[in-house]
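**Student:** What follows is the residue order along each chain.
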Amino acid sequence: MATMAVQIAGSPDDIPLRTKLQRVERRRKLRAVSLVLPLLLFILIAFVLPIGRMIFNAIHDDTLLRLMPRTMAALNAWDGKDLPDETVYAALVGDLKQASAQKTAGAIAKRMNYELPGALSEVMSSARKASALSAGLYKEALIEINPFWGRHDAWSLLKRGRSAYTAFYLLRSVDYQYGPDSQIVTSPPENAIFRDIFLRTLGISIGVTAATLLLGFPVAYLLATLPPRSRNLLMILVVLPFWTSSLMRTIAWVVLLQDRGLVNDTLIALHVISQPAELIFNRVGTIVAMTHIQLPLTLLPIYSVMKTISPSLVRAARSLGAGPFYAFWKVYFPLTLPGIAAGCLLTFILCLGYYITPALVGGPADQMIGSFVAYYTNEDLNWGMASALGAILLSATLLLYYVFNKLVGADPIKVG
Amino acid sequence: MRAYPYDLDRARKKLQSIKRNIVVWSSTSAAGAGASGCTGEGRGSMPGMDNAFVKFSGVQKTYDGETLVVKNLNLDIARGEFLTMLGPSGSGKTTTLMMLAGFEAPTHGSLLLDGHSIDNVPPHKRDIGMVFQNYALFPHMTVEENLAFPLKVRKLGKLEIEARIKRVLDVVRLGAYGKRRPGQLSGGQQQRVALARALIFDPKLVLMDEPLGALDKQLREQMQLEIKHIHEDLGVTVVYVTHDQSEALTMSDRIAVFNEGAIQQLAAPAELYERPRNAFVAQFIGENNRLHGKVVAMNGATCKVEIAGAANVQALAINVEAGRPTVLSLRPERVRLNPMPGSLPNVFSAQIAEVIYLGDHVRIRASVCGQDDFVIKLPNSEGVAQVEPGAAIAIGWKTEDCRALDAQ
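First to last, the sequence lines map onto chains A and B.
For what it's worth, the UniProt record's numbering labels the leading residue of the first sequence as 1, then goes sequentially.
For what it's worth, the UniProt record's numbering labels the leading residue of the second sequence as 1, then goes sequentially.
Among the clues, some could well be false.
Said to hold, decoys possible - Result set (EDC-like, lysine to aspartate or glutamate): computed pairs, CA atoms no more than 20 angstroms apart in a straight line: (1) B:K217 <-> B:D360; (2) A:K159 <-> A:D85; (3) A:K330 <-> B:D127; (4) B:K398 <-> B:E274; (5) B:K158 <-> B:D202; (6) B:K204 <-> B:D127; (7) A:K330 <-> B:E144; (8) B:K158 <-> B:E145; (9) A:K330 <-> B:E145.
Simulated from the structure, these hints should not be mistaken for lab results.
Just so it is clear, the structure is predicted and the values come from calculations on it, not from any experiment.
Could you put together the complete structure from these sequences and hints?
**Tutor:** The structure is reproduced here in structure tokens:
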């Protein structure tokens, strides 16, 4: 050892050892980075950027600022108390004429309609009629052709439009909105649906997670304790749902659970029930179908943790005087907790985003937040709402994950 | 001074009872071993020990319904005894232990513990402490929680539990480690905790399944002595399973040598080494020179064995008869170099092939009676230096050091 040290120190090239090490390490790191680079780029382009863009959409909306530049500039001087003065109306007429000519009135009307239901037709008709207006008293003329422009809340809405950023979509997603004077108020009952939907999403996800845990835990235990040959067979049965398309599985449940389906026919034939039970297109059907799809995802993490638990631990507990149940509850079960937590978290988070299954086997009252994101994206083309709902779902998921990590990540089980 | 975890009187009483038992079996075991055959039938039962603390009678175990892992086991264990089951892997020793612990059910036969049948008693009601191969400490509990586990199950009071934990941690010299988790302890410390946990609830019997297998050699030797001393101090009955013969020789009162599901010999360590009952035991315990030959004449306790036409050897007849092939067993350290003419009945010429210097002793590999893996062990004293490879010397041994055993 001593001679080696001397050799290194006295090596002829006189490069410090630290530098040599860094060179070697750098080469190693570069190689590692070049291996993960394709995936990194893919994730960045296909995942991080779209999600960032989506979250940005939730708070960014410059429709009014872009399409009504004159009005927006003129509104700077408005104190927001009474109706604006003549110059603002003149600017509005100018903007409406331009919108009519450039066919952007629809976009303006739609944007205003989000916050003021009914504004769509008012704005569209005003834009058509505004071209006939000539110089003079625009304020009275405009209010005359459409009383909408005499409404204080319409002008509050336009004044808020001066900023390219709006909290409207996020507020709407949690059943708040702007009042006539731009103050935040709770939404009227006909608009206040999202809290219910979030709670429903949460409820269904918890229900499905609990169901997969109750059904999956014993199977995972069986898998972990069976001899290898029978284990492989059971394992194939467990992961079989993975190999079938989610649509096919869902439709299979429709076949099984419908009014004249296999389950109802059997129960009626056995005289258990006289009328077909409603098993599908309601909450029951939704939870059954989702549980079926999610079961392996809850089960497999639990199984992988159970496989690492030495059977001698339970034996030790038994030899120390614990009965079978006590040994299981005090020794085996606590050791499976990391697996239970991981499996349940996986299932729970995936359930939050379910869309197809509730759409196919659920009723109108079982649609989850994903359905509304899809609706706003595909049908209403209200990307702001879709983004806001998505952003809230995402932050709820991240929050849950953080809490989970706090609870389980710091768990002493990992130390042992 | 070693601390007694329980009250002194009780420990002394236990100690006395072991000593009594030791006297009982040491006076009878030679006769017992000598009386039994080599089929495993009846072997291991100690005459004069009708009130054995643990009694296996006619126990068999099979897993597949075809081969017996344990064949007709009869074994009595005295109260306070340290009995080791020694054997190669697959010899049935661990299965036997698991049957005693209650994790495996015998296919046939019955088990008695302290005079009561335990065939239908589940493991948690047997009151048997057990130390597992990989410690089996509960990783999610601290050392104290691990130790409290058997006491909580027994619904002991909080103060009593704390007092017992403190005492037992002192016994295993881990007083400062109570709040740690098993993952934060070294292998030796974990082993001590496992030991403490198996002892803390005052079990009738403590079973140990190769508990030192995962430790390095030095620690293992240290732990052997610790376990031995704890056993002596507490007077608890211990059944110990190992495949390491030096471990068995160090700790045991008696050793049951297992092979192929049967006890080959049950005896005290010295007895086992000095007087192996058959070729397997001779080979398994300690080093052993094997000379294959044929018994040509029986002469009372001794016999004459002809080795491949080369020479005749006078040997102690153990389980051989005239005209049958035999294996002569001879310990390497019992071979004398250059014996005085006429002083030994067996004198042969040896061609020295190799001399290995091992510090305290010298190992010589030589060719004797046509067999070239004959080993001689010489203590490192004067005269050893004269032995050189290639030299031919005279060697000899006593009749009683050479045992004619069944040929395997």
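**Student:** All hints are to be evaluated individually against the structure, with a verdict given for each.
**Tutor:** How the hints compare with the structure:
Our distance criterion of 20 angstroms between C-alpha atoms is met by K217 (chain B) and D360 (chain B), whose separation comes to about 19 angstroms. The suggested pairing of K159 (chain A) with D85 (chain A) holds, with an alpha-carbon distance near 13 angstroms, which does not exceed 20 angstroms. With a CA separation close to 19 angstroms, the supplied pair K330 (chain A) and D127 (chain B) stays within the 20 angstroms bound. A threshold of 20 angstroms between alpha carbons decides the hint, and for K398 (chain B) with E274 (chain B) the separation of about 13 angstroms falls inside it, so the pair holds.
At most 20 angstroms may separate the alpha-carbon atoms for a hinted pair to count; K158 (chain B) and D202 (chain B) meet this at roughly 17 angstroms. For the hint linking K204 (chain B) to D127 (chain B), the alpha-carbon distance of about 6 angstroms falls within 20 angstroms, and the restraint holds. Simply put, K330 (chain A) and E144 (chain B) have alpha-carbon atoms about 15 angstroms apart, close enough for the 20 angstroms limit, and the pair holds. The straight-line distance between the Cα atoms of K158 (chain B) and E145 (chain B) is roughly 12 angstroms, inside the 20 angstroms bound, and the hint therefore holds.
Proposed proximity of K330 (chain A) and E145 (chain B) is supported: the alpha carbons are some 11 angstroms apart, at most 20 angstroms.
Checked against the numbered hints above, the structure breaks none of them.
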